Amino acid sequence: MKYVLYLCRKKLLAKENRTFLSILSVALITSIQIFNYGLITSLENYFSNSLYSPDQSFIYVVNGTSLDNSSFTYKSFIYNESSIKAVLPILLLQAKYNSSNLELRATDADFFKVFSYAITGDQKLGNNDLIVGIILAKLFNLTIGEHITLDLKSKKENFTIVAFLNSHTSFDYAFVTSIDFIWSLFPEYENKVSYLLIQPSPSLNLTDISQQIKSNLGKEFNIVYNDRNKILNQVFQSPIYALNLWSSLLNVTIFLLAFMITLNNIRRMRSYMALLMSLGMRKIHIFSSILIENLIITSIGYLFGLVLGIMTSSSLIKGISAIVEAPLAFNPNYFMIFFPSSLNFIGFLAGAGVALLIFRRRITVMIE
Amino acid sequence: MRYPVLKFLTIAIILSLYFLLPVFSTLIVQDTYNALISYISPNPSDIIVYDINAKTPATSRLPLSLYTRLISIDGVEAVSPETIVFTLVENNLVIARGIDITQFTKFYDLKIVDGNNLTLNDTDSVLVGLNLAKKLGINIGKMLTIAGIGTSELLEVKVKGIFEVNNEYDEEILMPLFLANILGGLPNDYVSYFRVKVNSNLNPSILYERFQNATPTKVQDNTLLRYLIGANVNYGLIKASQSYSSMEEFLIKQLSISQYTIIGFLVVIIALTALLLRNIVEYYLNEMKLAKKIMKLLGAKRKKILNYLISGWLIIFIFALILSSFYIYIAIYVFNNFANLYLFGHLIIFSIPTYEFGVLSFVILFLSLVFLYYDERKL
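Protein chains in written order, with my numbering: chain P, 1 to 368; chain U, 1001 to 1379.
If you are wondering where the hints come from, they were derived from the structure by calculation, not from laboratory data. Heads up, a few of these hints could be off.
With a cut-off of at most 20 angstroms between alpha-carbon atoms, the simulated EDC-like pairs for lysine to aspartate or glutamate come out as follows [said to hold, decoys possible]: (1) U:K1106 x U:E1090; (2) P:K96 x U:D1375; (3) P:K230 x U:D1221; (4) U:K1142 x P:E16; (5) P:K96 x U:E1156; (6) U:K1378 x P:E190; (7) U:K1293 x P:E188; (8) U:K1289 x U:E1376; (9) P:K15 x U:D1074; (10) U:K1007 x U:E1287; (11) U:K1289 x P:D68; (12) U:K1158 x P:E16; (13) P:K230 x U:D1074; (14) U:K1197 x U:E1376; (15) P:K15 x U:E1156; (16) P:K153 x U:D1074.
Computed, partial: chain P to chain U, Cβ under 7 angstroms [stated by the list, open to error]: (17) H168; (18) N229; (19) K230.
From the derived model, a few chain P residues whose C-beta atoms are all more than 12 angstroms from chain U [said to hold, decoys possible]: (20) R18; (21) S100; (22) G133; (23) T149; (24) K155; (25) A258; (26) L291; (27) I358.
Bear in mind that the values here come from a model prediction, so they are computed numbers and not experimental data. Backbone N, C-alpha and C fix where the C-beta goes; we use that ideal spot for every residue, glycine too.
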C-alpha cells in the first residue's frame, strides 16, 4: 500500500500528468451542471410566484372526477365560513334562443354574494327572471327589461331580463336564472344540480374544504380546480427532460475524458512505472495506484466544481435577472447539487476503470 | 506507409463520441429557439401589430377597436384579431387561440376534418387541431375542461370540430375571442395582437406610418368583432413587424438569445472539452509513434512526417463526422417520434443543424490540427 500511495503521489505531482487540467475539467463540467439546474429551479420559482394566488380560484365540486356529466341530488351544504365564502349550486341546461344553442345556468340567491360587483341592473332572481352574460347581450343585442322566450327541453318559457353580468368569467356567455324556478318547472330535475361552485376564503385550505365536502355529500365527491402545481409540472416537464439529457452527455464526456487521460498518462509515465516494476512492484499495485490517482483527481475536481458552481451560478443568475428584468434567485437544493454532479464522479472513475480493463494487456506490455 | 485501420477506427469512434456534446447542445438550443420564433405565426410574411410596451406579442394587450383603423389602410387585405392564452387541458399544456373565425379564415384555409366549423353564435364551442385531438383522444361533442394559466379561470367547452391547417396550429385549440379573453383575464374588447395580411407594396414601417393617419371604418360585416368592439380608444402605442422578426426581437432584447449567442455557447462548450480533444490527438500521435520513427529512419523530413500525420488525422476526422451524423440522424428520429418534447404546448421539431454543424466541425478540426502540430514536436 505504501508503494501504491508513493507512486500515486509521484504521478499526481508530475508535470507530464496534467493533473491540474484534469481537475479543472471535472470542476468546470460539474459547475456547468449546477448552473443549469440552478437556472431551471430559479425560473420555476419565478413562474410559480407569477401565477395567480390559489385563493382566487373557484373550486368545483363534482360527483366523479370531472365537470363533464356530473349530476347529483343536492342537499343543503353546511360549511365552515373560515375556509369557504359561498357555495353555489349550479344546474346546467341547454337553452335555444334565436335558433342558437346556449347555456342556461340555474342557481340560488348566493349568486349575488359572489358576483354583485359585476351586475348591472336588479340583483334579484325570482321566477322568470333572467340575468344575461355580457357576451350574449352583445351578440343578440339584448336590453334590460326585454322579454325573451327560451326553448328549454322543447318547452317554451318566457323570461324577463333583469340584469347583465360582466364578470370576466364563464358566466359572461351564459343565461342565469333561479334554480328553484327550474326545479318547479321540470319535476324530473327537482333538487338536482350539475355541480357546486365554491368560492374559497383568502386563507385557502384545500384539505379542509375537501374534508367538508366528503362529510357533507359523500366520498364519491371530488373537487376540480385550476391547480398551479399541475401547471408548473407541465411547463417545466420538457425543459427538465432536455436538461437531464444534456446532463447525461456531460457525463459521457467526462467518461471519455477519464478514459483518454488514463491511457495517455500511462504512456507518458511508462518508463517510471517500468523502473518501479523492475524494483519489485507488482502489476496490481500499479493499476491500483492509477485508480486511486483518478479517485483523488475526481474528488478534488468535484468538490472544486461544487464550490465554483454554487458561487458562479449565484452571480450569473443575478446577471440574467438584471438582463431579463425578472427577479430570479439561485435557490440550491440537495438534488440539484448532488445528484447530477455525482454522476460525473462515477463517470470519471468508470472511464478510468474501463480504460484499464480494456487495455490491460497492452498496458502491461507497454510497461514491461 | 499504410495506416493502421483498426486503431483509426477506435480513435474515430472516440472522436465521434466527443462530437456528441457540442452537436446535441446545438440541436437542443437551436430547435428550441426555432420553436419559439415560429410561435406567433407560421407564415413569416404576416405582419404582427402589437403593443410597443409588451415584452412579447403573446403578452401584448391592444383594444379591439384598432381593427377599424387597420382595415381602413390602403394595401391591407385582411386583419385577424387574436388572443393567445396558455392553458392546461387534461393535464397537458395547450395554446388556446381566441379568434374571429370570419377573419382568421382569410389567412388560413381551415380544413374541418370532423364536425363543423365555428359560427358567430357559438358561445361555448371550440375547434381542436388534428394533432392535439389525436394526442388527447378528443372526439366531437366532448366537453373539455380548460384551465387558464396566469388566471384562476376554469371553463367547460364543447368540441364542435376538428381542423387541420398543416402547421403548428394543428396542436392548438381555436375558440371565440371572448372565451380566450376570459381564460387570459382580458376584457372582452381587447386582444393580444392583430395579424395583418398586406399587398406586396406594404412593409411594417409603411403600415405603421399609414396607421397614424388612418380614419376608422365602421365594421359592417356580421362578424364577432363587430359585437365585441367597445369604445373607440385612441391608442397610438403600437408596433408593427414581420411575425418572425417580432419574436426574434423579443428573444434578443429580453433574453439576449441570437444566432451569435448559440455560436458563442458552442465555443464555450468546445473550450471546456478542449482537454478531451487534446487527449484524443495525443492518443493518436502515440499510436503513430512507431510509424513516425520508421519514417525518420528512412530519412523522411519533418514536413513529410507532418503531412502523413495530418492526412491520417483527416481520415479519422471524416470517419468521425460520418459516425456522428449517423448518431444525430438516429437521435433526431427518436426525438421526433418518441420523446415528444413540448415548448408551451408546441411540439419541438428537431432537424439537423447543418450550418452550426459545419461551423462546429471546422472549429474542432482547426483546434485538433493546432494540438497535433504542437504535440507532434514534443512526442
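Results for each hint:
1. U:K1106 x U:E1090: Violated: K1106 of chain U and E1090 of chain U sit about 31 angstroms apart, past 20 angstroms.
2. P:K96 x U:D1375: With Cα atoms ~85 angstroms apart, K96 of chain P and D1375 of chain U exceed 20 angstroms; violated.
3. P:K230 x U:D1221: violated (42 angstroms)
4. U:K1142 x P:E16: violated (71 angstroms)
5. P:K96 x U:E1156: holds (18 angstroms)
6. U:K1378 x P:E190: violated (95 angstroms)
7. U:K1293 x P:E188: violated (101 angstroms)
8. U:K1289 x U:E1376: holds (9 angstroms)
9. P:K15 x U:D1074: violated (76 angstroms)
10. U:K1007 x U:E1287: Answer holds: K1007 of chain U to E1287 of chain U is near 7 angstroms, not above 20 angstroms.
11. U:K1289 x P:D68: violated (75 angstroms)
12. U:K1158 x P:E16: Violated, at about 72 angstroms.
13. P:K230 x U:D1074: violated (47 angstroms)
14. U:K1197 x U:E1376: violated (62 angstroms)
15. P:K15 x U:E1156: violated (71 angstroms)
16. P:K153 x U:D1074: At roughly 50 angstroms apart (the allowed maximum being 20 angstroms), D1074 of chain U and K153 of chain P break the hint.
17. H168: It holds, given that the least Cβ distance between H168 of chain P and chain U is near 6 angstroms, below 7 angstroms.
18. N229: N229 of chain P check fails; min Cβ-Cβ to chain U is 11 angstroms, beyond 7 angstroms.
19. K230: holds (6 angstroms)
20. R18: About 8 angstroms separates R18 of chain P from the closest Cβ of chain U, which leaves it inside 12 angstroms; violated.
21. S100: The assertion about S100 of chain P is violated, with a minimum of 4 angstroms to chain U.
22. G133: At about 8 angstroms from chain U, G133 of chain P fails to clear the 12 angstroms cut-off, so the statement is violated.
23. T149: holds (16 angstroms)
24. K155: Label holds. Min Cβ-Cβ 21 angstroms, cutoff 12 angstroms.
25. A258: violated (10 angstroms)
26. L291: Answer for L291 of chain P: holds, closest chain U Cβ roughly 18 angstroms.
27. I358: About 10 angstroms separates I358 of chain P from the closest Cβ of chain U, which leaves it inside 12 angstroms; violated.
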